[in-house]
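Visitor: Listed below, chain by chain, are the residues.
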Amino acid sequence: MTPMHPSPDAAGPAASSASSARGDWRRLLASPEAVALLLLVAGITGGGLLSPKYFLDFHYLMDSTSLYMEAAIMALAMTFVIISGNIDLSVAANLALTAVLCGELHLRFGVPMGLVIVAGPCIGAVLGLFNGLLIARLRLPSLTVTIGTLALYRGLAQVMIGDAALQGFPDWFNGIDQRYVAGLLPLPLVIFLVLAVACALVLHRSLLGRFLYAMGTNESAARYSGVRAGVVKVAVFAIAGGFSGLGAVMMTSRLGTVQYSLADGQELAVITAVVLGGTDIFGGRGTIFGTVVATFLLGIISRAMGLALWPAENQLAVSGSLLIFAVVLYRLLAKIGTTIRT
Amino acid sequence: MAKWLVALIVMLSGVALVGGCQKQSAAPATQAASSAGSGKIQIVFIPKNMGNSYFDLIGTGFKQAASEYQADFTTVAPASDSDPAGQIAFIKDQIQRGVQVIAVIPNSTTALIPVLKQAMDKGITVITLDADLTGNEQYRSAGVWPADADEIGASQVEALGSLMNYSGKFAILSATTEAPNQNAWIKAMKLALQGSKYQNMQLVDIVYGDDKAEKCQTESEALLNKYPDLKGILSPTTVGIVGAARVVQDAGKSGQIVVTGLGLPSLMRGFVKDGVVKKFQFWNGFNQGYLAGQVACQLANKSLHPAAGVTFKAGILGDRTFRDKNVVIADKPADFTADNIDKYNF
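Residue numbers (the working numbering), protein chains in the order written: chain A, 1 to 342; chain B, 343 to 688.
Please note: incorrect hints may appear among the correct ones.
[To be verified] In silico DSS-like links for lysine-lysine, alpha-carbon gap of 25 Å or less:
id : chain 1 : residue 1 : chain 2 : residue 2
1  : B       : LYS554    : A       : LYS53
2  : B       : LYS459    : A       : LYS53
3  : B       : LYS511    : B       : LYS390
4  : B       : LYS674    : B       : LYS644
5  : A       : LYS53     : B       : LYS382
Please keep in mind that the hints were generated in silico from the structure rather than gathered at the bench.
Turn these sequences into a full structure, and let the hints guide you.
Guide: Here it is in structure tokens:
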């Protein structure tokens, strides 16, 4: 089990009671979230230096967020999953299967699109619930179960439509990324930010949030202190599924089409964002704020490198090294954090 | 929590400030797209993925044509072609950079439509090559095809026939059931088979290996088991032909069962040297890239207005004529045998 290293507000009321204001600020600066934030500032600066003519364009940066908002939304729910000491590798496959089911509902069975938009998150939640029940009822490790459903969900999507591309969604539904709130913020970004605030409230202010940290820190201890771990797990996987379902609807609208291979491999990008945002892969620690910052960090540096015409393989190498660098740094900071506290 | 919110707001307003200040200087970049003709033509080539030797060959031809017009030529692509939406970010970046021409080997006939529409709205010329936006051709100005489907079908059947003495049972190993070009070629093959020359050849089965190495091998093995008197496997896909050749080689039936189709010399060399595959076909990717480069530059300097029947000069390739849906054909399938395979490295 990982040592407990509560960060400001991450571990809830337990951490913030006795420490002095000065220690509070020092720990804040030494937290993964602060590092991620610094990296984001560095990323924006670096992007500006790499291609000043094209990168530092506010509208472009806003517009380009639509490229990764589906993954970003899945990362919010993944933060819950990982904090609780689990992992969900099936999120992107869930997105693909839900998108295929939604597409078939509308195009083949004539279900009105308005209804399908609501059905999407529900279908995703049911698929997530399936994960949760297997994990909680049969006491199976989430890694094993979701490796299985990763293949199962994408396989089902392929069985259903082969390599056909479903098309013919109504015009009003297509192009979610072309809709702006207040003429400035793309709708997918707004949806993400609203969900981020909601998730932060749940995680840092609700009983469910406290249960998640408790389970991730020490599941049997949490069980003994009355946390119904099974119920919490089912809930958290259902939430993850629901968010994938929402991502499915958003991606279908953005692309105007559905293929079984949608979001292929995106579970790794999702987990990268969560871990880069300072969530401990073994559970018990993490914040929604960190995930949000890391999501923008990854999105921003990928655009900076794209505009600077960096080859895709170099881009992958950069994101990979960034993750390793950050995780090592977070470990060191956690140690320093412990010394500051004592 | 409150501290983090404050930090987030400060940061976002910082981004807004920086962005706001820079907005004016970014404006000329977007204008560049509409003012083609002044200065150098900027062309970007976006294949399905990087690290593919055939796409590299296309790029070499493309670059040569671009250099004849002193155009700026760049290649960018995703690392993998598994995500149908993977090319979108790369296209968005190029729209932002204000290039004049985006030449794409589309990874999906549909997923790129919204972003290609944005590019065209900004005055950027979009062309496709090697693969097309089948059914959505209005979202590109021209499509450069490697070879004509009827010609591919006929010459593949002839290649197979010549190897199996124009008689016996054979099967086709295709990619996926929905692949538009595969289906067009198979249709053309069936048409060619009606010729009297091929009356003793019998197409017994069509199987699909999904262009996955493992599935191609399983499907080939199944064919061998199901038809003990099978004389040939025709696989018009570069992954399929390798799978079929490997299975026939491993079964020790390289004299009995003919394997041919469309293959890449680099992947087929071993099988040709071992005598498993006597002859296969492909076209020259260089010519396709070169033709795409000619079309791209001539579209960018507005000297070419594509429409069915319009003929234009395509540099070293001579005259080319647009077909329906602004399709132009680059090359013919050519034979590769033990005699000439070493001359090619794609």
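Visitor: Taking the numbered hints from earlier one at a time, note which ones the structure violates and give those numbers from smallest to largest.
Guide: Hints 1, 3, 4 are the ones this structure does not satisfy, whereas the remaining hints hold.
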